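Use these hints to put chain B onto chain A, whose structure you have.
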Amino acid sequence: MTYSKVEFDALSSELCGFLRKHIVASHLDFGPTTPLSRLGVDSVSIVQMLLFVERRFGIEIPDSELTHRNLESVDSLARSVMSLLDQGKETTGFPK
Amino acid sequence: MSEFDDTMELPASVRLSGCDYFLLASENGEARQSRAASNVCRIVIKLGARLDAEVLRRALTASPLLRWLGRVRYVPRFPMRMPLWTASCAAGGCVVQEHDSRVFQESDTCDWANMISELRFDSAPGFVFHLFQHANDKTTLLMAWHHVLMDAHGAESFLGLVGGSGNQPIPLRQLMFLHAQEENDSWLREIVKLPERLRICRKSARYVARMTRSPFVSLLEGDSMEQKPSAHFHELSFDPGQTERIEAKSRSMNASFCDSLLYLAAAMRAVRAVVKQRGTLDEEESYVVPMPIDMRRRGARGPVLSNHLSFFFFRANPGDMDDLKDLVRLLAGQMKDQIRDEMPQAFSVMMDQFRRVPLPVYSKLLRGPTKGEIASFFFSYTGGISKDLGRFLGLPVEDIVHIPPLSCPPGLTIAFFRNDNRLRFAVSWAEGCLKEEEVALLERSICHDFSESHGQ
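Chains as they are written, first to last, in the working numbering: chain A, 1 to 96; chain B, 1 to 456.
For reference, chain A alone in the conformation it holds in the complex (with noise of 0.2 angstroms):
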């Protein structure tokens, strides 16, 4: 099972989203594509997105997943997200 483009974007512009409300100055313009960190975003950050995924989901992030590569962008991160939504689905019907 493979996730469609509509639920990536959905997920990718609410990661965008918590990070405007939450950790980024709000003077900064940045896209899904945009590298973390070029906008400051530290480690700190990205466990308060982590957790947000987690709280969001209902999933676990295992720490294999927490590569530089996935943690690279909110699309990154996204798609390392919905592979493991994916994999939920498949292997236990969640998320519910």
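None of these hints come from the bench; they were simulated from the model.
On a predicted model such as this, the values are computed, not experimentally measured, just so you know.
All residues carry an ideal CB built from backbone N, CA and C; glycine is no exception.
What you were told as hints is all true, and nothing was included just to trick you.
Calculated pairs, DSS-like style, for lysine-lysine (alpha carbon to alpha carbon, straight line, at most 30 angstroms):
id : chain 1 : residue 1 : chain 2 : residue 2
1  : B       : K276      : B       : K325
2  : B       : K46       : B       : K138
3  : B       : K203      : B       : K364
4  : B       : K193      : A       : K21
5  : A       : K21       : B       : K203
6  : B       : K336      : B       : K325
7  : A       : K5        : A       : K21
8  : B       : K193      : B       : K203
9  : B       : K336      : A       : K21
Calculated Cβ distances over 12 angstroms to all of chain B for the following chain A residues:
id : residue
10 : S4
11 : E7
12 : F8
13 : S13
14 : P32
15 : F57
16 : I59
17 : L84
18 : L85
19 : D86
Showing chain B alone in chain A's frame:
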């Protein structure tokens, strides 16, 4: 000089942040008179050419904003009124002192830093600048400021304004005033918000009390708190290759992408090694370490003035510290729990709320049952520093070192930062807290924990 929107009228005063007032309360009264180094922060900048004192003096007064910052003082007010930073027209600006190069060698960074033991923030400028002119026509600039006035991020923004590193216009409000919304709050709004804020304060107080409960390790011995001990500093730099290996090790340790947790774990184990060597290891005594977290929005250049910090609190028992990887995992779990429960935000609310408590009462509360001991040592990781400070007033910057402030108790601060692809650590300690050979042991222990083969 950086460009910024300087058209907005500068206010006569701005509120102290909750963290400013918290630091002020820790410094207050007799405690202030008897403590080492009085929480002075320092940045040492090695320049590749000579900087004339007059050029720096001119730069420090080149704009209304910089003149305003130089004139800011803390003025005590009636109890229960919001504490304020006030810019007085009568007050003098920043102080610049020039020193002869022959007295110091270029490598004596920590000796220069030791020149400044105390700074006032009420009757004199909270900043001082020392210029050390060397025989090879280079200059070392030391900026020292009292921690109550601003944190390290603010100081870097301030240096950026003075040295002209920024080229984008910066809105003045973004540079200075985090509490813009709060400034507009009426008494009525404050009262309406009070019950919710008190609930958050209770949650935060309970958590802090649980994390900092006795017994925990302290390196201060005997009467070292009674005297006025002098402060000492030491710094170490890892080369880019070593830094890369250390970061790879952090990633392999499931540190939830937080390199700082490996550094903190190594620092805790190093302190335990010192305790062990002293023969005072007690399995009942935990290691308690607060770690500041910058509450500014990421990517923001300001605010410059005031401390915009909250804290994580970490606690580990000696039994949790035998294995480095296990300790990193424990600390990662504690950090995640605190982020999940919004503890740094709650602690911030508590500090903000305490601003209306009279200073002597607040000070007494902080120093209450534990005589001010709330940690085994202080730790900080400021991440990559001075990324924008490649040149200062047109001169090339060769090196920048942050020397962490020291509070006594606990009498020891261990700080890590990254500069120019190099991981660095700096230790500040009070006389009587550590001996020279114990500092060497700290360093050896940390380097050992960072070595590739250990703890994997």
